[in-house]
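Engineer: Turn these sequences into a full structure, and let the hints guide you.
Chains R and Y, in that order, give the protein sequences.
So in numbering that gives the first Met the number 0, spot 110 of the first sequence is number 109, and the numbers just go up one at a time.
So in numbering that gives the first Met the number 0, spot 99 of the second sequence is number 98, and the numbers just go up one at a time.
Think of the hints as simulated: they come from the structure by calculation, not from any bench.
Hints are all accurate, no fakes.
Under the rule of at most 25 Å between Cα atoms (straight-line distance), these lysine to any residue pairs were calculated in the SDA-like manner:
1. 22/Y - 109/Y
2. 146/R - 96/Y
3. 146/R - 177/R
4. 17/R - 111/Y
5. 22/R - 27/Y
6. 158/Y - 129/R
7. 22/R - 118/Y
8. 146/Y - 168/R
9. 146/Y - 134/R
10. 55/R - 111/Y
11. 146/Y - 159/R
12. 158/R - 145/Y
13. 166/Y - 140/R
To be clear about the criterion: a stretch of chain Y counts as covered by chain R if any three or more of its residues have a C-beta under 8 Å from a C-beta of chain R, and this derived list gives those stretches:
14. 151 to 165
15. 171 to 179
Quick caveat, the model's predicted, so the values are computed rather than measured.
From the three backbone atoms N, C-alpha and C, an ideal C-beta is built for every residue, glycine too.
There are 2 protein chains.
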Amino acid sequence: MDRRQRKTREAIFHAFTKLLSQKDFNQITVGEIIEVADVGRATFYSHFETKDYLLKAFCEELFCHIFDTENDDPHGHRHIFDCDGSDSVFLHLFQHLQNNDNNILALLASQNNDLFLNYFRANLETLVESQLSLFERPTNIPEAFWKNHIISTFVETLKWWIACGMKETPEVITEYFFTVV
Amino acid sequence: MDRRQRKTREAIFHAFTKLLSQKDFNQITVGEIIEVADVGRATFYSHFETKDYLLKAFCEELFCHIFDTENDDPHGHRHIFDCDGSDSVFLHLFQHLQNNDNNILALLASQNNDLFLNYFRANLETLVESQLSLFERPTNIPEAFWKNHIISTFVETLKWWIACGMKETPEVITEYFFTVV
DNA sequence: ACACTACCGAACACTTCGTTCGGTTATATT
DNA sequence: AATATAACCGAACGAAGTGTTCGGTAGTGT
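Structural biologist: Given below as structure tokens:
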């Protein structure tokens with residue numbers, strides 16, 4: 000990929016991230032993004048069809064990082080699926096999120112973030128499916144409902160944690176999460 | 000209140016309801032509302048500061064109906080809090096919602112409805128608080144987290160129900176709800 | 001009958017969006 | 001080093017939506 004393309008794309012992502020930490024997605028205008036990114040208007044639209052597609056591309060890169068199923072992690076992170084015995088991928092996830100990579104917390108806490116939440120839930124789904132055996136499903140409810148409930152509970156737990164200022168440790172939050180599901 | 004005011008307000012609410020059944024809140028423009036309501040532009044803005052305030056007023060009337068704590072119900076509904084013994088206010092609520100009064104289901108199912116969901120949750124909070132004794136709180140989690148979890152689970156159960164086409168009866172959904180909390 | 005006030009509707013300034021186009025500059029290739 | 005290519009710039013544009021203003025009209029309550 001052309002170096003200019005890369006630079007432009009990164010500048011836009013960077014500006015987008017910065018703006019997301021300041022205001023809600025819906026309040027951000029394309030004009031602001033290109034101003035902060037210092038990029039021409041036409042250039043922005045040659046990279047992203049609309050602002051929604053920018054969010055989509057942003058989420059894909061973000062979740063690719065967080066939920067990465069590849070093994071070649073250059074940053075020395077333990078892979079999210081590399082959990083030994085009693086360890087939990089959910090604990091890993093809470094720990095990872097606590098670092099607030101790419102201002103993901105701002106996105107989670109903001110209003111009018113349905114689009115983002117949908118992407119987040121879609122990525123969570125794969126994770127939860129692989130961990131379904133951890134949870135004992137009551138026999139009188141369907142599996143689809145059960146899976147949805149686990150995903151919802153994780154997201155709502157995370158939102159509650161953020162809304163309360165993340166005072167609890169990831170370990171405690173993980174305990175809360177497992178207690179209610 | 001002036002009859003004209005009442006008529007205008009109702010016309011706007013009615014148009015808003017109709018449009019909500021057709022598209023998401025954010026897709027609806029003021030221009031469409033006043034066209035369907037057959038009302039002048041200035042008139043709309045003399046009633047509602049912005050479209051968001053219209054939603055707010057709309058929600059207040061809607062939830063006042065659903066969560067009404069008054070005793071003088073002219074429609075012959077049993078009051079939502081009038082439950083005998085094993086009966087549940089949550090079952091009542093599911094039943095009530097199934098009737099889709101004022102297209103509340105469209106609002107719940109639509110995207111970008113954070114504003115609406117916030118109002119809905121705020122109203123649910125009072126209800127849940129009055130019913131907290133029904134749920135056995137695990138001792139290792141804080142009450143605030145527990146309450147939030149119950150509210151979230153109710154909302155997510157409702158959303159799942161709607162998303163799946165509401166095939167289950169309110170009784171079954173109520174059973175699902177109580178099973179997971 | 002009267003004063004009041006809600007309504008109309010056209011026009012306005014303003015913001016944002018997404019596109020177009022001619023000109024400029026960086027990049028990869030030979 | 002020369003060249004073709006493709007990305008970038010930036011100004012301008014039309015379209016759509018927002019919220020306001022204002023003079024004129026007509027329904028309402030007393």
